[in-house]
Amino acid sequence: MGFGEPEHGQHQWTLDYEQTYPILKKAWETGINFFDTAPAYSNGDSETFIGRFMKEEKIARKEIVIATKFFPRTIEEIEQGVSMAEHIEKNLNASLQRVGDCCHKKGIFGFDNH
Numbered sequence: 001m002g003f004g005e006p007e008h009g010q011h012q013w014t015l016d017y018e019q020t021y022p023i024l025k026k027a028w029e030t031g032i033n034f035f036d037t038a039p040a041y042s043n044g045d046s047e048t049f050i051g052r053f054m055k056e057e058k059i060a061r062k063e064i065v066i067a068t069k070f071f072p073r074t075i076e077e078i079e080q081g082v083s084m085a086e087h088i089e090k091n092l093n094a095s096l097q098r099v100g101d102c103c104h105k106k107g108i109f110g111f112d113n114h
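Residues 1 to 114 in our numbering are what the sequence shown spells out, letter by letter.
Worth flagging that the hints you see were computed from the coordinates, not collected in a lab.
Please read all numbers here as calculations on a predicted model, not as lab measurements.
Treat the hints loosely; a few may be bogus.
In silico DSS-like links for lysine-lysine, alpha-carbon gap of 25 Å or less [to be verified]:
(1) LYS69 - LYS90
(2) LYS26 - LYS55
(3) LYS69 - LYS55
(4) LYS90 - LYS55
(5) LYS62 - LYS25
(6) LYS69 - LYS25
(7) LYS26 - LYS58
(8) LYS26 - LYS62
(9) LYS90 - LYS62
(10) LYS25 - LYS58
(11) LYS55 - LYS25
Model the full assembly from the supplied sequences, consistent with the hints where possible.
Right under this line is the structure:
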């Protein structure tokens, strides 16, 4: 997904919200209601943009499906005794804040063998 503030995140070629909005609008108008995102996409901007779009277009949670995912625990988290459940809860809550409490599916990038 190429949505995000160009000066915020890992890619300068991402599209800001003003450029993202018409793409999301066209997708929604043509029947696309599943959006896959992650905090790794422009440090969460893509999640924020989708949440903002939903709010501006008054799209009810039951009308749209949003998926998110996040990275496994860091070595530091493992050493600090952070459980996988705690890691998931922390990351999911952060995503829900960005998208506006509308995430339906969550996943993890890679494996957590600890």
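Quick rundown of the hints versus the structure:
1. In summary, the hint linking LYS69 to LYS90 is supported, as the alpha carbons are separated by about 12 Å, within the 25 Å threshold.
2. Distance check on the hinted pair: LYS26 and LYS55 sit about 16 Å apart at the alpha-carbon level, within 25 Å; holds.
3. With a CA separation close to 22 Å, the supplied pair LYS69 and LYS55 stays within the 25 Å bound.
4. Under the criterion of a C-alpha separation no larger than 25 Å, the hint pairing LYS90 with LYS55 is consistent with the structure, at around 24 Å.
5. A hinted pair counts as satisfied when its Cα atoms are at most 25 Å apart, and LYS62 with LYS25 qualifies at roughly 17 Å.
6. Restraint check for LYS69 and LYS25: the C-alpha separation of about 23 Å stays at or below 25 Å, so the hint holds.
7. The straight-line distance between the Cα atoms of LYS26 and LYS58 is roughly 15 Å, inside the 25 Å bound, and the hint therefore holds.
8. Note on LYS26 and LYS62: the hinted pairing holds, with a Cα-Cα distance of about 19 Å set against a maximum of 25 Å.
9. For the hint pairing LYS90 with LYS62, the CA-to-CA distance comes to about 24 Å; that is within 25 Å, so the pair holds.
10. For the proposed pair LYS25 and LYS58, the alpha carbon gap of about 12 Å is at most 25 Å, so the pair holds.
11. Using a Cα cut-off of 25 Å, the hinted pair LYS55 and LYS25 holds, with the two alpha carbons roughly 12 Å apart.
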